[in-house]
Amino acid sequence: MTKYVQHGLKVQSKPDEVARQNFMLNMRSYVMLDMATGMKKIYDHNIEPNFKKLNKRDPKNGDEIHKVIKKDTYFKFYSSIRCNAQEMVFRSVLPPIERSMKDLKRKAKTLSKSKKIKGSLNLDKNLPIPKSVSAIDVHLMPGCYHSEHSENDMSQGAIYDNGVSVFSMGFFGDKLDDIGSSISLFIKKKYPKFKPLKILDLGCTVGHNTLPWSNAYPKAEVHALDVGAPVLRYGHARAQSEGVSVHFHQQNAEKTNFKDNSFDLVFSSMFLHEVPRKGIKLILKEAKRLLKPGGLMLHMELPPNKMLEPYDSFYLDWDSYYNKEPFYKPFRDMVPEKICSDAGFQKSKFVQFIIPSIGQFGDKEIIKSIKYQNGNVDDRTGRFTKGIHWYCFGSWK
Amino acid sequence: MSNDENKLRYSVRGKKSRFFESDGVDELVSICMSIAQELWVVKEELAMIKNLTINKGLITKKDLDDFKFTKRQKENLNKDNKEFIDRVFFTLRESVEAAEAEPDEPKPPTVP
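Top line first, the protein sequences correspond to chains F and B. Each residue of the first sequence is one higher than the one before, starting from 391 at the first, in my numbering. Each residue of the second sequence is one higher than the one before, starting from 1365 at the first, in my numbering.
Just so you know, not all the hints are guaranteed correct.
Quick list of simulated restraints, FRET-style, between CB atoms [as the list claims (entries may be wrong)]:
hint : chain 1 : residue 1 : chain 2 : residue 2 : range
1    : F       : K460      : B       : L1403     : 48 to 56 Å
2    : B       : D1387     : F       : G777      : 39 to 47 Å
3    : F       : V725      : B       : N1442     : 40 to 48 Å
In short, the hints are calculated from the structure, not lab data. Beta carbons are placed, not taken as given, at the ideal position from N, Cα and C, and that holds for glycine.
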């Protein structure tokens, strides 16, 4: 079982609240592992043979599978239970956060004043919140990343940090930084001559995957941006509490205030799939503008549909239809090489990697994987399952 | 807005996904899951009391508030929780096993 939030912004849950969170963690595990395996077996034994019998061919893509499987009772229970579990995860962490906000704000104020840790928080109250955030409770999280319920509110950051700790069933690590830790170690070992001095994390939420870059490159100045003030306030205090200096900015990744050629590394994780296509194109162009020549843009994401078997495409696209992540499938239907070259990056400078999770495999396997990058993804890539791997793509400038 | 008012929104805005054609089944699933969760709360708190009783022989409110499971107790509870979930949703596991089984069962007579 994962440790729930343990850093300086830990909230005190009562025993019955912890029990509700424990239940949700195991309920998520049941639906994402046991039921997902069950659904695949039902597909293999019933749905696919019936499809082949009727159409005299294999399903061509995830959409064709979705069309037939949605009529199956098991799929209906899987989907209904998964949606409910997602909502209940967030509801399970709300009462202690609601109760603790005054205390959290006090702690954040103290942490922010630390003389030892020199991170900063730069908010822009006039920044327009894009509709992709303001008009939808992304992944069924009430209030999304931006809602403010009181003055200097950090609730949405606390909901994200505590909720994702339950939601991710330990796959993101005790500090929710498995993605950042795995990828930063991989890049450091694969490119020993690449020593970024200025790093930017786009769509950082609470900065959980920003902090590992500072550990990998201690001399680097690390910046992170998001549109949501509550997640940034919380992320700033969280980073201070973890002893990492990060400069948080309330900015839109589509058009930032930073100067041309100002960063060596522009990173994002689990961000692009929450952005409409038009925005993704602008973000990649902006990343190119921000990068110094010789710099690296890298986005950790769910693997694109073109790299997956039809069933795995159907399985990952589920979120787009039912988890209030409408841009998830449109993003995964895009071709990473093409969107990078459309943004002005040279085709020959394109990179993509499939990196083992540091929490599940350890440092040595990540270093070994440098030699075995064959571009093949499987049903462990980006999926909460044993042997999880992280997919990322990008380009050198 | 004052610092004292920090009432959070518990409901998700917008249209809810629906999966079942029959009226009320989606809501029944939600209700069943909430009942299961609350039942788990009872079980976990009961386990807490049982462990306290064994360890101390006497229960006070402070004992209850201060109690934390040991690593071993947490592992056992976690295992128990997974088994509990499997029992509650047994019908779903049964449907997978039925799909995997060889279709050699004699068919019943046609319903008139």
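Cross-check of the supplied hints:
1. Checking the proposed 48 to 56 Å range against K460 of chain F and L1403 of chain B shows it is violated: the Cβ atoms sit about 30 Å from each other.
2. D1387 of chain B and G777 of chain F have their C-beta atoms about 42 Å apart, which keeps the hinted 39 to 47 Å range intact.
3. A hinted range of 40 to 48 Å holds for the C-beta pair V725 of chain F and N1442 of chain B, which are about 42 Å apart.
Figure legend: structure checked against the earlier numbered hints; the only hint not met is number 1.
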